[in-house]
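Fit chain B to the given chain A structure using the hints.
Protein chains: 2
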Amino acid sequence: MRILLTNDDGIHSHGLISLYKVLSMEHDCVVIAPERENSAIGHAITLSRPLRVRKINAKNFKGYAVSGTPADCVKIGLMALLRKKPDIVISGINVGLNVGANLIYSGTVSAAVEASIAGISAISVSQKLQKNMDFETSGNIINGLLESLKKVLRSQKILLNVNVPSREIKGLKITHQARSVSRESIEKRIDPRGVAYYWLKGFLVSPDNDGYSDESAVSKGYVSITPLHFDMTDYEVMKKLKNIDKLIRDV
Amino acid sequence: MRILLTNDDGIHSHGLISLYKVLSMEHDCVVIAPERENSAIGHAITLSRPLRVRKINAKNFKGYAVSGTPADCVKIGLMALLRKKPDIVISGINVGLNVGANLIYSGTVSAAVEASIAGISAISVSQKLQKNMDFETSGNIINGLLESLKKVLRSQKILLNVNVPSREIKGLKITHQARSVSRESIEKRIDPRGVAYYWLKGFLVSPDNDGYSDESAVSKGYVSITPLHFDMTDYEVMKKLKNIDKLIRDV
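Just so you know, the protein sequences line up as chains A and B, in that order. Terminal number for the first sequence in our numbering: 1206, no gaps in between. Terminal number for the second sequence in our numbering: 1206, no gaps in between.
There are no misleading hints in this set.
Which copy is meant is left open, so a pair is good if it fits within one copy or across any two.
25 Å max Cα-Cα, derived DSS-like pairs, lysine-lysine:
hint : residue 1 : residue 2
1    : K1010     : K1039
2    : K1175     : K1195
3    : K1125     : K1083
4    : K1143     : K1156
5    : K1156     : K1010
6    : K1175     : K1194
7    : K1143     : K1039
8    : K1105     : K1197
9    : K1195     : K1125
10   : K1106     : K1040
11   : K1194     : K1105
12   : K1143     : K1010
13   : K1039     : K1017
14   : K1112     : K1197
15   : K1197     : K1083
16   : K1125     : K1197
I should point out that these hints are in silico values taken from the structure, not numbers from a laboratory. Predicted model, so just to flag it, every value in this text is computed and none were measured.
Same shape as in the complex, but just chain A:
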């Protein structure tokens, strides 16, 4: 397969290079990734300044560093840098899970969504944060997943968000995005000149233990595989609102 690899941690991140290492043994891989870290960048794209591209010819991989966001990388890859469309875009391996409401903020996920908007299959992959992270298992899981999905990929487009727990893995689970709402906080500090500044602090995802959520699967030692789409319509509320159509007709 022709694979476009990207991420949000930047082109020299260990997770991306590990993924390249595993996948390039069997596949035709090219890396197009942000030149710098882009965590929590969401689905930002760069419109107010031009993008620069730098060819990277490192010892362990070949690719392009882009002066933009993960979504920019996919756009410029598909529209300007690659001669042939890739069969799939893979984004990761992110340092830290992207589950529940968190995936709304994720540059890793947004790169995969961007590919999907362009009509190309995509997988985002994230791994639980721990000391001395080893991405080999995650790389092998993605490699195996590609093998299993080979047939499916021929007939339909897929968009999957994969999360890998720490080393002990019990199996794989098809999941939904956890409905848990994140709890977070902000820290106010005073600078040496006496002026306030604020830090957003990391957030905890409160548990969604219905057994089928990405978050609960990973917390129980399973790899979560969540199929995504980019339709944010709440169809249930849409049906309900039809009834108040009359109400608002007079606005």
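Same frame as chain A, now just chain B:
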């Protein structure tokens, strides 16, 4: 109602000030908005640097300018600046529609989604780009919508994405996010030193004319009201994938 107003075009944008003007006649409004333009910023949040807040006491409104993204503004508003929770967050009025796949990139929409993640009702509102934009109609529509939804808002949280066509308005329609995929392009240029750079070019949304999409409603002169949620799970594919669960169990 207590209303937190924000946007992605920046705190001094005409659309935001118009909204403040209309809504503050009947409601208790506070503006917390980015100090600069943040278009196409998606759901980015600022983690790598602290946020600064500047009190604004302008002739036509009071509020806070934040050195961050629309999502940052909502976070810092809810967690640090406001003493009481607002009843609703309203984001806009954006210059240009946010329909179809475009709303994935939209800072305007992301501010509303951010409020929803925090458990607060929210409306994002965008208006079709045209010469000499006048936001009065859009402001009145939102004002009327708040009046109509007053009862609903007491019992449930809502998240609505509203798009307003140009001046001639035929009515309101409850819609879904258009499934159309955007067509776009990139322009390669050469700088005076002979090095390439790339501009992302504006994209067109190809039509989704099922009559119930945001895009088709607006193109026919209706105000589109799309209920959103932040669950990106594709439940149909999720069901299908259950069948290939066995297949991938061996990965």
